Amino acid sequence: MTVAPADVALGAPSPSDQPGEDSGPDSAPSTPNFPAHVRRAASLRTTFRGVSVHHLSTVFLPEVLAAGLSRDSTVYEVEPVVIRPKGADWYCPSDLRLGSSYVDALEGEEHEGEATHMLSYAWFYAVGDIVDALEKFCKDSHLCPKRTYIWICSLCVNQHRVKEKEKASEVVPFE
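Residue numbers (UniProt numbering): 1 to 175.
Since the hints were derived computationally from the structure, they do not count as laboratory data.
Hints are supplied without guarantee of correctness; some may be wrong.
Within a straight-line C-alpha distance of at most 30 Å, the following computed DSS-like cross-link-like pairs (lysine-lysine) qualify [claimed, not checked]:
{"hint": "1", "residue 1": "Lys-86", "residue 2": "Lys-167"}
{"hint": "2", "residue 1": "Lys-163", "residue 2": "Lys-86"}
{"hint": "3", "residue 1": "Lys-86", "residue 2": "Lys-146"}
{"hint": "4", "residue 1": "Lys-86", "residue 2": "Lys-139"}
{"hint": "5", "residue 1": "Lys-165", "residue 2": "Lys-86"}
{"hint": "6", "residue 1": "Lys-136", "residue 2": "Lys-146"}
{"hint": "7", "residue 1": "Lys-136", "residue 2": "Lys-86"}
This structure is a prediction, so every number in the text was calculated from the model and none was measured.
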């Protein structure tokens, strides 16, 4: 597992909560009617958003445990139970369709922001080990966990779109 500085920073509520007209279950209202946090996320699409180390240890890991998984659960095991469901009822700021990445379902600078670092890891790693390593990285590097934002592919790439492409037998680019 490697944590590296991001050279260039590495990016909604339920449709019933959205203003504007709804023309179907997956339709999004016009962009101007999106809540401020969705417009903000959409404006950051030229950058990469990351999840704070603080969020990983105080929210994400407890979500994993609440789902009946453990710190030893792998990213493969956590993705369908915690990661993908987090953004299921949120609009993706990239395509304005229902279903966002985990990071796009977060609000507040203690939880998400422009990525300061990128994590290189494997999906078979235990989530507890990943969080522990990132906490240690912050401590050893004298970084504030609330302001250290990590781009992690499983949390920052829209897994809803990945599954759509896999179902259609399309190649899923790593971005």
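State the violated hints by number, sorted upward, taking the hints as numbered earlier in the document.
-> none
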